[in-house]
Amino acid sequence: MRVLVALALISFAPGAHAFVNPGASVLVRALRTPASSAAVPVALRPKLSSPTAARGAQSTVALAAHPLFFAAPAATKWVLAGPVLYALMSVNEYFTHRYYQHAEYNKDRFFQFLARTFGLPKTIRGGGHVEHHAETYDDMLLKTDDAKWMKSPAAKSLNDDPWRGTAFTWQVTAMMTAQMVPTTFPVFMGILKFSFAQTMAIFLPGMILHALVWNALHPNMHGLPDVPIQNGAPSSVLAGLRNTWYFRWLYQNHEGHHVVGGQGNYNVACPLTDHLVGTYVKEQIWRPRVDAFLLRKEAKAAKKAEGNAELAFA
1 MRVLVALALI
11 SFAPGAHAFV
21 NPGASVLVRA
31 LRTPASSAAV
41 PVALRPKLSS
51 PTAARGAQST
61 VALAAHPLFF
71 AAPAATKWVL
81 AGPVLYALMS
91 VNEYFTHRYY
101 QHAEYNKDRF
111 FQFLARTFGL
121 PKTIRGGGHV
131 EHHAETYDDM
141 LLKTDDAKWM
151 KSPAAKSLND
161 DPWRGTAFTW
171 QVTAMMTAQM
181 VPTTFPVFMG
191 ILKFSFAQTM
201 AIFLPGMILH
211 ALVWNALHPN
221 MHGLPDVPIQ
231 NGAPSSVLAG
241 LRNTWYFRWL
251 YQNHEGHHVV
261 GGQGNYNVAC
271 PLTDHLVGTY
281 VKEQIWRPRV
291 DAFLLRKEAK
301 AAKKAEGNAE
311 LAFA
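Numbering (the working numbering), first residue to last: 1 to 314.
Because the hints were derived from the structure by calculation, they are not lab data. Each residue gets a CB set at the ideal place from its N, CA and C atoms; glycine is no exception. Among the hints, a few may not be true.
[Said to hold, decoys possible] The calculated label-pair distances, taken between Cβ atoms and stated as ranges, are: (1) D146 x S195: 52 to 62 Å; (2) F110 x K303: 30 to 40 Å; (3) Q284 x A174: 34 to 44 Å; (4) H275 x W170: 23 to 33 Å; (5) F110 x A147: 39 to 49 Å; (6) V172 x M150: 18 to 28 Å; (7) P225 x E306: 29 to 39 Å; (8) W149 x R109: 58 to 68 Å; (9) L276 x Q230: 31 to 41 Å; (10) W170 x M140: 37 to 47 Å; (11) M150 x G261: 18 to 28 Å; (12) R296 x F185: 44 to 54 Å; (13) K303 x F113: 50 to 60 Å; (14) G223 x K300: 13 to 23 Å.
[As the list claims (entries may be wrong)] Lysine-lysine pairs mimicking BS3-like chemistry, simulated, CA-CA at most 25 Å apart: (15) K303 x K148; (16) K151 x K297; (17) K300 x K148.
Using the sequences and the accompanying hints, generate a full structural model.
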(Lines of atoms letter the chains of each structure in order from A; the text may use other names.)
(Lines give C-alpha, C1' and ligand atoms only; values in the text may rest on other atoms or scores of the structure.)
Protein backbone atom coordinates (compact mmCIF):
# COMPACT_ATOMS: atom_id res chain seq x y z
CA MET A 1 0.00 0.00 0.00
CA ARG A 2 2.79 2.38 0.89
CA VAL A 3 4.48 1.49 -2.41
CA LEU A 4 1.38 2.72 -4.28
CA VAL A 5 1.47 6.02 -2.40
CA ALA A 6 5.19 6.37 -3.09
CA LEU A 7 4.68 5.68 -6.80
CA ALA A 8 1.89 8.24 -6.90
CA LEU A 9 4.20 10.85 -5.39
CA ILE A 10 7.04 9.90 -7.74
CA SER A 11 4.77 10.19 -10.77
CA PHE A 12 4.26 13.89 -10.03
CA ALA A 13 8.01 14.63 -9.71
CA PRO A 14 9.93 16.38 -12.51
CA GLY A 15 11.17 13.91 -15.08
CA ALA A 16 8.76 11.20 -13.97
CA HIS A 17 7.90 10.57 -17.63
CA ALA A 18 11.16 8.66 -17.90
CA PHE A 19 9.60 5.86 -15.81
CA VAL A 20 6.77 5.48 -18.30
CA ASN A 21 8.85 5.06 -21.42
CA PRO A 22 12.58 5.10 -20.58
CA GLY A 23 13.62 4.22 -24.12
CA ALA A 24 11.64 7.03 -25.67
CA SER A 25 12.88 9.47 -23.03
CA VAL A 26 16.54 8.60 -23.68
CA LEU A 27 15.98 8.84 -27.42
CA VAL A 28 14.39 12.28 -27.17
CA ARG A 29 17.21 13.52 -24.96
CA ALA A 30 19.76 12.12 -27.42
CA LEU A 31 18.11 13.86 -30.36
CA ARG A 32 18.09 17.14 -28.45
CA THR A 33 21.73 16.81 -27.29
CA PRO A 34 24.41 18.97 -29.01
CA ALA A 35 26.82 17.21 -31.35
CA SER A 36 29.63 17.28 -28.79
CA SER A 37 30.10 13.83 -27.33
CA ALA A 38 30.99 15.43 -24.00
CA ALA A 39 27.31 16.30 -23.55
CA VAL A 40 26.33 12.62 -23.71
CA PRO A 41 26.84 10.45 -20.59
CA VAL A 42 29.41 7.70 -21.17
CA ALA A 43 26.89 4.98 -20.28
CA LEU A 44 24.58 6.16 -23.07
CA ARG A 45 27.20 6.49 -25.82
CA PRO A 46 26.92 3.75 -28.49
CA LYS A 47 29.94 1.51 -28.95
CA LEU A 48 30.78 1.79 -32.65
CA SER A 49 33.41 -0.71 -33.66
CA SER A 50 33.54 0.12 -37.38
CA PRO A 51 32.53 2.76 -39.97
CA THR A 52 29.69 0.43 -41.00
CA ALA A 53 28.35 0.38 -37.46
CA ALA A 54 28.63 4.16 -37.29
CA ARG A 55 26.66 4.55 -40.52
CA GLY A 56 24.07 2.11 -39.17
CA ALA A 57 23.71 4.13 -35.99
CA GLN A 58 23.30 7.32 -38.01
CA SER A 59 20.58 5.66 -40.09
CA THR A 60 18.79 4.56 -36.92
CA VAL A 61 18.83 8.09 -35.52
CA ALA A 62 17.59 9.46 -38.86
CA LEU A 63 14.75 6.93 -38.86
CA ALA A 64 13.87 7.82 -35.26
CA ALA A 65 13.71 11.48 -36.22
CA HIS A 66 11.25 10.77 -39.06
CA PRO A 67 7.73 12.18 -38.44
CA LEU A 68 6.20 8.73 -38.86
CA PHE A 69 8.26 7.45 -35.92
CA PHE A 70 6.83 10.08 -33.61
CA ALA A 71 3.29 9.28 -34.78
CA ALA A 72 3.43 6.04 -32.79
CA PRO A 73 3.42 7.60 -29.28
CA ALA A 74 0.53 9.89 -30.28
CA ALA A 75 -1.53 6.85 -31.28
CA THR A 76 -0.30 4.79 -28.33
CA LYS A 77 -1.53 7.29 -25.74
CA TRP A 78 -5.10 6.88 -27.01
CA VAL A 79 -4.76 3.11 -26.66
CA LEU A 80 -3.43 3.57 -23.12
CA ALA A 81 -6.09 6.11 -22.08
CA GLY A 82 -8.77 3.55 -21.12
CA PRO A 83 -6.54 1.15 -19.15
CA VAL A 84 -4.74 4.02 -17.38
CA LEU A 85 -8.01 5.69 -16.32
CA TYR A 86 -9.35 2.31 -15.16
CA ALA A 87 -6.21 1.76 -13.06
CA LEU A 88 -6.46 5.23 -11.50
CA MET A 89 -10.15 4.63 -10.74
CA SER A 90 -9.33 1.26 -9.19
CA VAL A 91 -6.70 2.77 -6.86
CA ASN A 92 -9.02 5.65 -5.92
CA GLU A 93 -11.95 3.31 -5.30
CA TYR A 94 -9.76 1.02 -3.20
CA PHE A 95 -8.37 3.79 -0.99
CA THR A 96 -11.76 5.45 -0.54
CA HIS A 97 -13.54 2.19 0.28
CA ARG A 98 -10.89 0.80 2.61
CA TYR A 99 -9.50 3.83 4.40
CA TYR A 100 -12.51 6.16 4.40
CA GLN A 101 -15.68 4.07 4.22
CA HIS A 102 -14.29 1.33 6.46
CA ALA A 103 -12.41 3.93 8.52
CA GLU A 104 -9.14 1.95 8.45
CA TYR A 105 -7.53 5.37 8.27
CA ASN A 106 -8.18 5.57 12.02
CA LYS A 107 -5.84 2.68 12.83
CA ASP A 108 -3.30 2.62 9.98
CA ARG A 109 0.14 3.77 11.17
CA PHE A 110 1.06 5.40 7.88
CA PHE A 111 -2.10 7.52 7.65
CA GLN A 112 -1.91 8.38 11.34
CA PHE A 113 1.66 9.59 10.72
CA LEU A 114 0.35 11.79 7.89
CA ALA A 115 -2.41 13.06 10.18
CA ARG A 116 0.10 14.07 12.86
CA THR A 117 2.55 15.55 10.37
CA PHE A 118 0.09 17.64 8.37
CA GLY A 119 -2.49 18.37 11.06
CA LEU A 120 -5.21 16.21 9.48
CA PRO A 121 -8.14 14.71 11.44
CA LYS A 122 -7.06 11.59 13.32
CA THR A 123 -10.46 9.89 13.10
CA ILE A 124 -13.17 9.70 10.43
CA ARG A 125 -16.62 8.11 10.49
CA GLY A 126 -16.95 6.55 7.04
CA GLY A 127 -20.28 7.94 5.83
CA GLY A 128 -22.52 5.16 7.18
CA HIS A 129 -20.79 2.37 5.26
CA VAL A 130 -20.02 0.35 8.39
CA GLU A 131 -23.75 0.46 9.22
CA HIS A 132 -24.51 -0.86 5.73
CA HIS A 133 -22.27 -3.86 6.42
CA ALA A 134 -23.92 -4.50 9.78
CA GLU A 135 -27.29 -4.52 8.02
CA THR A 136 -26.34 -7.06 5.34
CA TYR A 137 -26.87 -10.83 5.65
CA ASP A 138 -24.44 -13.28 4.07
CA ASP A 139 -26.88 -13.78 1.17
CA MET A 140 -26.62 -10.01 0.45
CA LEU A 141 -30.22 -9.25 1.50
CA LEU A 142 -30.77 -6.68 4.21
CA LYS A 143 -32.05 -7.01 7.76
CA THR A 144 -34.98 -4.71 7.08
CA ASP A 145 -37.25 -7.68 7.98
CA ASP A 146 -35.76 -7.74 11.50
CA ALA A 147 -37.83 -5.52 13.81
CA LYS A 148 -35.14 -5.49 16.49
CA TRP A 149 -32.47 -4.37 14.01
CA MET A 150 -34.69 -1.66 12.57
CA LYS A 151 -34.98 -0.09 16.02
CA SER A 152 -31.20 0.17 16.40
CA PRO A 153 -29.36 3.52 15.97
CA ALA A 154 -27.38 2.04 13.06
CA ALA A 155 -30.52 1.12 11.13
CA LYS A 156 -32.20 4.44 11.91
CA SER A 157 -29.17 6.28 10.52
CA LEU A 158 -29.94 4.72 7.11
CA ASN A 159 -33.71 5.25 7.12
CA ASP A 160 -33.61 8.60 5.31
CA ASP A 161 -31.85 7.02 2.31
CA PRO A 162 -34.06 4.90 -0.02
CA TRP A 163 -30.92 2.97 -1.08
CA ARG A 164 -29.59 2.66 2.48
CA GLY A 165 -26.06 3.76 1.63
CA THR A 166 -25.62 1.57 -1.47
CA ALA A 167 -26.12 4.07 -4.32
CA PHE A 168 -23.83 6.49 -6.11
CA THR A 169 -25.92 9.66 -5.96
CA TRP A 170 -24.91 12.66 -8.05
CA GLN A 171 -23.30 14.11 -4.91
CA VAL A 172 -21.17 10.99 -4.40
CA THR A 173 -20.23 10.95 -8.09
CA ALA A 174 -19.12 14.59 -7.82
CA MET A 175 -17.04 13.75 -4.74
CA MET A 176 -15.25 10.86 -6.48
CA THR A 177 -14.68 13.01 -9.57
CA ALA A 178 -13.00 15.63 -7.38
CA GLN A 179 -10.88 12.94 -5.72
CA MET A 180 -9.69 11.71 -9.11
CA VAL A 181 -8.48 15.12 -10.31
CA PRO A 182 -5.11 15.17 -8.42
CA THR A 183 -4.00 11.92 -10.05
CA THR A 184 -5.78 11.96 -13.42
CA PHE A 185 -4.68 15.35 -14.71
CA PRO A 186 -0.95 15.02 -13.92
CA VAL A 187 -0.90 11.56 -15.51
CA PHE A 188 -2.96 12.41 -18.60
CA MET A 189 -1.56 15.89 -19.25
CA GLY A 190 1.93 15.51 -17.79
CA ILE A 191 2.86 11.96 -18.82
CA LEU A 192 0.53 10.98 -21.67
CA LYS A 193 0.58 14.55 -23.04
CA PHE A 194 -3.14 14.93 -23.60
CA SER A 195 -4.50 18.47 -23.80
CA PHE A 196 -6.90 19.73 -21.12
CA ALA A 197 -9.86 19.35 -23.49
CA GLN A 198 -8.83 15.81 -24.45
CA THR A 199 -8.36 14.85 -20.80
CA MET A 200 -11.83 16.14 -19.91
CA ALA A 201 -13.32 14.30 -22.91
CA ILE A 202 -11.94 11.02 -21.51
CA PHE A 203 -12.22 11.72 -17.78
CA LEU A 204 -15.84 12.86 -17.41
CA PRO A 205 -17.45 10.05 -19.47
CA GLY A 206 -15.26 7.61 -17.54
CA MET A 207 -16.60 8.88 -14.22
CA ILE A 208 -20.19 8.62 -15.46
CA LEU A 209 -19.55 5.06 -16.67
CA HIS A 210 -18.18 4.13 -13.24
CA ALA A 211 -21.34 5.48 -11.57
CA LEU A 212 -23.56 3.66 -14.08
CA VAL A 213 -21.83 0.33 -13.35
CA TRP A 214 -22.03 0.90 -9.58
CA ASN A 215 -25.73 1.81 -9.61
CA ALA A 216 -26.67 -1.07 -11.88
CA LEU A 217 -24.84 -3.48 -9.56
CA HIS A 218 -24.82 -2.42 -5.92
CA PRO A 219 -28.38 -1.43 -4.89
CA ASN A 220 -29.84 -4.32 -6.90
CA MET A 221 -27.61 -6.97 -5.32
CA HIS A 222 -28.94 -5.91 -1.91
CA GLY A 223 -32.57 -6.13 -3.02
CA LEU A 224 -33.05 -2.36 -3.28
CA PRO A 225 -34.76 -0.35 -6.04
CA ASP A 226 -32.98 1.07 -9.07
CA VAL A 227 -31.57 4.60 -8.89
CA PRO A 228 -33.50 7.09 -11.07
CA ILE A 229 -31.75 9.81 -13.04
CA GLN A 230 -32.87 12.60 -10.72
CA ASN A 231 -30.88 11.01 -7.88
CA GLY A 232 -27.84 9.58 -9.64
CA ALA A 233 -26.55 7.79 -12.72
CA PRO A 234 -29.62 5.74 -13.67
CA SER A 235 -29.42 2.02 -12.92
CA SER A 236 -31.64 1.27 -15.92
CA VAL A 237 -28.90 2.15 -18.45
CA LEU A 238 -26.85 -0.98 -17.68
CA ALA A 239 -29.53 -3.07 -15.95
CA GLY A 240 -29.73 -5.34 -19.00
CA LEU A 241 -26.13 -6.46 -18.38
CA ARG A 242 -26.73 -7.83 -14.89
CA ASN A 243 -26.78 -11.43 -16.10
CA THR A 244 -23.59 -11.13 -18.14
CA TRP A 245 -20.33 -12.75 -17.02
CA TYR A 246 -18.88 -9.32 -16.24
CA PHE A 247 -21.59 -8.31 -13.79
CA ARG A 248 -21.66 -11.81 -12.28
CA TRP A 249 -17.90 -11.42 -11.70
CA LEU A 250 -18.41 -8.01 -10.06
CA TYR A 251 -21.26 -9.42 -7.95
CA GLN A 252 -19.15 -12.34 -6.74
CA ASN A 253 -16.22 -10.05 -5.94
CA HIS A 254 -18.38 -7.74 -3.81
CA GLU A 255 -20.26 -10.63 -2.26
CA GLY A 256 -16.93 -11.86 -0.93
CA HIS A 257 -16.21 -8.40 0.47
CA HIS A 258 -19.32 -8.59 2.65
CA VAL A 259 -18.88 -12.21 3.71
CA VAL A 260 -15.31 -11.63 4.96
CA GLY A 261 -16.51 -8.73 7.06
CA GLY A 262 -15.19 -5.97 4.82
CA GLN A 263 -11.58 -7.14 5.21
CA GLY A 264 -10.84 -7.75 1.53
CA ASN A 265 -12.11 -7.29 -2.04
CA TYR A 266 -12.37 -3.51 -1.57
CA ASN A 267 -12.80 -2.78 -5.29
CA VAL A 268 -16.42 -2.80 -6.46
CA ALA A 269 -16.74 -1.48 -10.02
CA CYS A 270 -13.02 -1.55 -10.92
CA PRO A 271 -11.36 -4.74 -9.62
CA LEU A 272 -7.58 -4.56 -9.89
CA THR A 273 -5.89 -3.03 -6.85
CA ASP A 274 -6.94 -5.87 -4.52
CA HIS A 275 -5.04 -8.27 -6.79
CA LEU A 276 -1.95 -6.03 -6.78
CA VAL A 277 -1.70 -5.49 -3.01
CA GLY A 278 -2.82 -8.93 -1.83
CA THR A 279 -6.26 -8.17 -0.38
CA TYR A 280 -8.26 -10.20 -2.89
CA VAL A 281 -10.03 -13.13 -1.19
CA LYS A 282 -10.85 -16.09 -3.44
CA GLU A 283 -14.37 -17.46 -3.59
CA GLN A 284 -13.44 -20.92 -2.27
CA ILE A 285 -12.38 -19.30 1.00
CA TRP A 286 -15.67 -17.54 1.78
CA ARG A 287 -18.29 -19.52 -0.19
CA PRO A 288 -18.75 -22.25 2.48
CA ARG A 289 -19.93 -19.59 4.93
CA VAL A 290 -22.61 -18.44 2.48
CA ASP A 291 -23.73 -22.03 1.88
CA ALA A 292 -23.99 -22.64 5.64
CA PHE A 293 -26.01 -19.44 6.09
CA LEU A 294 -28.44 -20.45 3.32
CA LEU A 295 -28.93 -23.87 4.91
CA ARG A 296 -29.74 -22.27 8.27
CA LYS A 297 -32.09 -19.81 6.60
CA GLU A 298 -33.87 -22.62 4.74
CA ALA A 299 -34.23 -24.68 7.92
CA LYS A 300 -35.59 -21.68 9.80
CA ALA A 301 -38.12 -20.96 7.05
CA ALA A 302 -39.22 -24.62 6.99
CA LYS A 303 -39.69 -24.63 10.76
CA LYS A 304 -41.69 -21.44 10.61
CA ALA A 305 -43.90 -22.83 7.82
CA GLU A 306 -44.46 -26.01 9.84
CA GLY A 307 -45.50 -23.98 12.87
CA ASN A 308 -47.92 -21.93 10.78
CA ALA A 309 -49.45 -25.10 9.35
CA GLU A 310 -49.98 -26.52 12.85
CA LEU A 311 -51.73 -23.32 13.91
CA ALA A 312 -53.94 -23.43 10.86
CA PHE A 313 -55.13 -26.95 11.69
CA ALA A 314 -55.49 -26.33 15.41
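So which of the earlier hints does this model not fit?
Of the numbered hints given earlier, those the structure breaks are 2, 8 and 10, listed in rising order.
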